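S.K.: Each chain is listed here by its residues.
Number of protein chains: 2
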Amino acid sequence: MNENQVEPSLSDMPDDEFRAALAQVSNWLARYRENIRALPVLAQTSPGKTEQALPPCPPAKGEPVEAWLKDVDDIIVPAMTHWNHPGFMAYFAVTGSAPGILGEMISTAFNVNGMLWKTSPALTELERVVLRWYASAMGLPTSWFGMITDTASTSTLVALTAAREAAGLNVREDGLSAKPALVLYCSEEAHSSVDKAALVLGMGMRGIRRIPSDDHFRMRVDLLEEEIGRDLAAQRRPFAVVATVGTTSATGVDPVPQIADVCRRHGLWLHVDAAYAGSAAVAPEFRWALAGCERADSLVTNPHKWLFTPIDCSALFTARPDAFRNAFSLIPEYLRTDASGAVDMMDYSFQLGRRFRAVKLWFVFRYFGTDGLAERIRAHVGLGKEFASSVDLHPSLERLAPAHFSVVCFRVHPPGLDDEAELERINTEVLRKVNASGDVFLSHTKLKGRYCLRLAVGHLQTRAADVRRALELVCSSAGVAPPAA
Amino acid sequence: MNENQVEPSLSDMPDDEFRAALAQVSNWLARYRENIRALPVLAQTSPGKTEQALPPCPPAKGEPVEAWLKDVDDIIVPAMTHWNHPGFMAYFAVTGSAPGILGEMISTAFNVNGMLWKTSPALTELERVVLRWYASAMGLPTSWFGMITDTASTSTLVALTAAREAAGLNVREDGLSAKPALVLYCSEEAHSSVDKAALVLGMGMRGIRRIPSDDHFRMRVDLLEEEIGRDLAAQRRPFAVVATVGTTSATGVDPVPQIADVCRRHGLWLHVDAAYAGSAAVAPEFRWALAGCERADSLVTNPHKWLFTPIDCSALFTARPDAFRNAFSLIPEYLRTDASGAVDMMDYSFQLGRRFRAVKLWFVFRYFGTDGLAERIRAHVGLGKEFASSVDLHPSLERLAPAHFSVVCFRVHPPGLDDEAELERINTEVLRKVNASGDVFLSHTKLKGRYCLRLAVGHLQTRAADVRRALELVCSSAGVAPPAA
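One line per chain: the protein sequences are A and B, in this order.
Be aware that the first sequence starts at 33, since it is given in this note's numbering, and climbs by one per residue.
Be aware that the second sequence starts at 33, since it is given in this note's numbering, and climbs by one per residue.
One or more of the hints may lead you astray.
Copies of the same chain are indistinguishable here, so a pair counts whether it falls within one copy or spans any two.
[Claimed, not checked] Calculated lysine to aspartate or glutamate pairs in the EDC-like style (CA-CA distance at most 20 Å, straight line):
1. K478 to E407
2. K81 to D376
3. K480 to D247
4. K478 to D450
5. K478 to E365
6. K93 to E407
7. K102 to E83
8. K93 to D403
9. K478 to D370
10. K93 to E317
11. K478 to E83
12. K465 to D370
13. K81 to D254
14. K478 to E461
15. K480 to D246
16. K480 to E452
17. K478 to E66
18. K480 to E365
19. K465 to E504
Please keep in mind that the hints were generated in silico from the structure rather than gathered at the bench.
Quick caveat, the model's predicted, so the values are computed rather than measured.
Whole structure, please, built from the sequences with the hints as guidance.
M.R.: This is the structure we're talking about:
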């Protein structure tokens, strides 16, 4: 063997070049953040345009960092919808905050895979500590077992896999064929990821009951009971209920204490989807929303939604880690270790590989502190409530749901016009015009069949003036009176 | 509403502070990389130590970046297994390369969610372009539809969900209950993520057939045929075969052309797990390993394994995107858009949220070029082959599998000692001693029941001297003669 260093040309980027590139990219990051208000928040491009601007084949020879960054500026930035823009008020508005970005840099440099404790003790243990911090900040049990996944879709799928196994049918060994039909319950307002998890798990659409909600978009517990009774009478096997704290459309809060009673009575797993609203509970005045959640078997909430952590970072908590192990633990020889007393995260999920996501969440807590996080949540809710009040005061605007948190569902509704199809047409057009402005980006939904616009506050740089600008744009696009000063 | 800017105390980190923190963290990254050889590659800590070093509760007040970085150095670094260390030769060795790290910085700053084309056109289209580059670099069909997921576990689960739906039993609507038992085939050497996917999908352990492999750790196609025949005779429903190109233990290559014939004959979905070895095909002399893969229905290969891309980045290709849509597409009102002709990535997976992972892979291609990538793959294979030769020349070492790529399976086997239990005891002890050195980190596996050590080359800074050091450590730990000079 050759004792000499591998040819530099076959190694990674040389150290001095890396330092220079870090400075260039850092400068790019800072500039992007400082100048983001000058960019249209919603991408103004058309399908295929970016693809056509890029070469069909990869380069054979390497190119310097300047060349890549130029393409980022010329090709990528103009085709981005800028989620990290203060005017982003669609879906759930998020923030990739400065400490979160810095944390992601550290974890990328580590480049570790936390499949086993041994392959990254610090990843495994920091994740547990930071999730305990998070639970404590929300007033949830710190005794819960926590794990970080990429998204709530994964968290819910993993939780419901454990729930399916906990139903006592030995699905892990036998499979679902020849078992009674399993049934999952959630409200009609539940997120599509719940249906998708059930599809993957083999319940089929027929195994999903979307229970109607009341006027406040809360699951009707009486109807839940009825459905369970019907399924039991038909020899089907109810196994889990998904309650939502902060539904995707209207941020409704299901009556978790009553649902927990139903689950206890029937021996069903209770999974809570608090992906958006869970973080609100970091401010004590919003802890009411998590009432009863301490009785859940599992709960998901996403720091990448409303805790200023860069995507992706979803927190899955459970009171029953053994159920997850029962569903998932499967240790091939090449992953056996001798570390006794250690938790191997691979035993709790279908996923083996795990990025070190805890660092960014840790840095977010370290920089803002829980007081600072609570103040920011509070400020966002305040902006939302001001917007809701303005809607309520305007004769041609109508609010369609309570504004518990930082999301407002509303529509343009000129007095006397009550044709739903025409209202949908008007609001669709208003949405198109508002979003074409480039200043703000709103989204839409339907509530009880009625088309409505949604404004969500969640970016740390969003100001009162931005929210007011959104309202002015809605009014001018609709041709109705401007909002009162 | 207050027109003024939100109180600075309620915003994100101020711009000047962010620039200073970027410089500090960049310096941390560069130093970590420059000094990594001074760190023991395998963490020298014990379970619970990191947890105890961290406060049980989050801070109420924020702290400056210096405080977090100090804790990274004092608490986290000593409890890390350093995957980005040139002495990391366990499992599959990986590299979080400089261009990959820089790319991750950009995508973190964007903080976009690519669930819909509209929510990030550039993410959707760059991902397609870069995956086409990757397919082209490996000699695979550029007409394939590609998507990036976090890990091969997810890629395989998503692919097999599509496969299950493509079996024509309408599982999506009806669920699995009352359907014939579905059966999945893979070799006994297949990765545990295949079993886990089948468990999640509701096949149960009974629905998984691990087909024996031959002396080169290749699936026995004759036995595959026999098993399929038995299952059909028993009214079970075969639906998919997973072939592996580069098995986890021995990097064996299943006979994909023959398996594809079997799949065609029986109408089964062919999924190829090339998570590790797929990238080898960027060097044309290793394209033989992917022979027949152009006939696969889906194929996964991980740039975060052997293409120098920071974790997580798994590429899932398919010739049948419609099957994925059939399994997964489900569009709630709040995600409806008017962008005709656009691809919405959420329609192809159970996951809604998607990080902008394509940037780092794009930068890797831009910096190294395909020639540069091929040379590096070639160099790693060269280092592996030199190690294999040294093992073959040593009277007390034994190789246990062909070294097709950069992984060598071997053991200490003193002449005349043939008791397997004793050999396992010796090699377990050798592994413990080698890994305690801090210079290199090897892993182990069992092949045909025989315990063996594994050395994997995959880090860009690994030199011939590092691989030689591993061999010397094995010999000295075993008390056998040092390797020939």
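S.K.: The structure should be examined with respect to each hint, and the outcome stated for every one.
M.R.: Hints, one by one, checked against the model:
1. Taking CA atoms no more than 20 Å apart as the test, K478 paired with E407 passes in neither setting, with 31 Å inside one copy and 55 Å between copies.
2. For a Cα distance limit of 20 Å, the shortest separation of K81 from D376 across copies, 15 Å, qualifies, whereas the shortest one inside one copy, 45 Å, does not.
3. For the homomeric pair K480 and D247, the shortest alpha-carbon distance inside one copy (9 Å) is at most 20 Å, but the shortest distance between copies (63 Å) is not.
4. Proximity of K478 to D450 under the C-alpha cut-off of 20 Å is restricted to the intra-copy arrangement: shortest distance 16 Å within a copy versus 72 Å between copies.
5. In the homo-oligomer, the alpha carbons of K478 and E365 lie at most 20 Å apart only across protomers (6 Å), although the nearest pairing inside one protomer, at 51 Å, exceeds that limit.
6. Taking the shortest Cα distances, K93 and E407 sit within 20 Å of each other only across copies (11 Å), while inside one copy they are farther apart (51 Å).
7. For a Cα distance limit of 20 Å, the shortest separation of K102 from E83 inside one copy, 16 Å, qualifies, whereas the shortest one across copies, 43 Å, does not.
8. Taking the closest pair of Cα atoms, K93 and D403 come within 20 Å of each other only across two copies (6 Å); inside a single copy the shortest separation is 51 Å, beyond that limit.
9. With identical chains, the CA atoms of K478 and D370 are at most 20 Å apart between copies only, with a shortest distance of 15 Å across copies and 54 Å within one.
10. Within a single copy, K93 and E317 get their C-alpha atoms only as close as 58 Å, which misses the 20 Å cut-off; across copies the closest is 19 Å, which meets it.
11. In the homo-oligomer, the alpha carbons of K478 and E83 never lie at most 20 Å apart, since the shortest distance is 33 Å inside one protomer and 46 Å across protomers.
12. Taking the shortest Cα distances, K465 and D370 sit within 20 Å of each other only across copies (13 Å), while inside one copy they are farther apart (62 Å).
13. In the homo-oligomer, the alpha carbons of K81 and D254 never lie at most 20 Å apart, since the shortest distance is 51 Å inside one protomer and 49 Å across protomers.
14. Only within a single protomer do K478 and E461 lie at most 20 Å apart by alpha-carbon distance; the minimum there is 15 Å, versus 64 Å between protomers.
15. In this assembly of identical chains, K480 and D246 lie within 20 Å of each other by CA distance solely inside one copy; the values are 10 Å within and 61 Å between copies.
16. For the homomeric pair K480 and E452, the shortest alpha-carbon distance inside one copy (12 Å) is at most 20 Å, but the shortest distance between copies (69 Å) is not.
17. Taking the shortest Cα distances, K478 and E66 never come within 20 Å of each other, neither inside one copy (36 Å) nor across copies (55 Å).
18. Taking the closest pair of Cα atoms, K480 and E365 come within 20 Å of each other only across two copies (11 Å); inside a single copy the shortest separation is 53 Å, beyond that limit.
19. Taking the closest pair of Cα atoms, K465 and E504 come within 20 Å of each other only inside a single copy of the chain (12 Å); across copies the shortest separation is 70 Å, beyond that limit.
In summary, the structure is inconsistent with hints 1, 11, 13 and 17 from the numbered list given earlier, while agreeing with the others.
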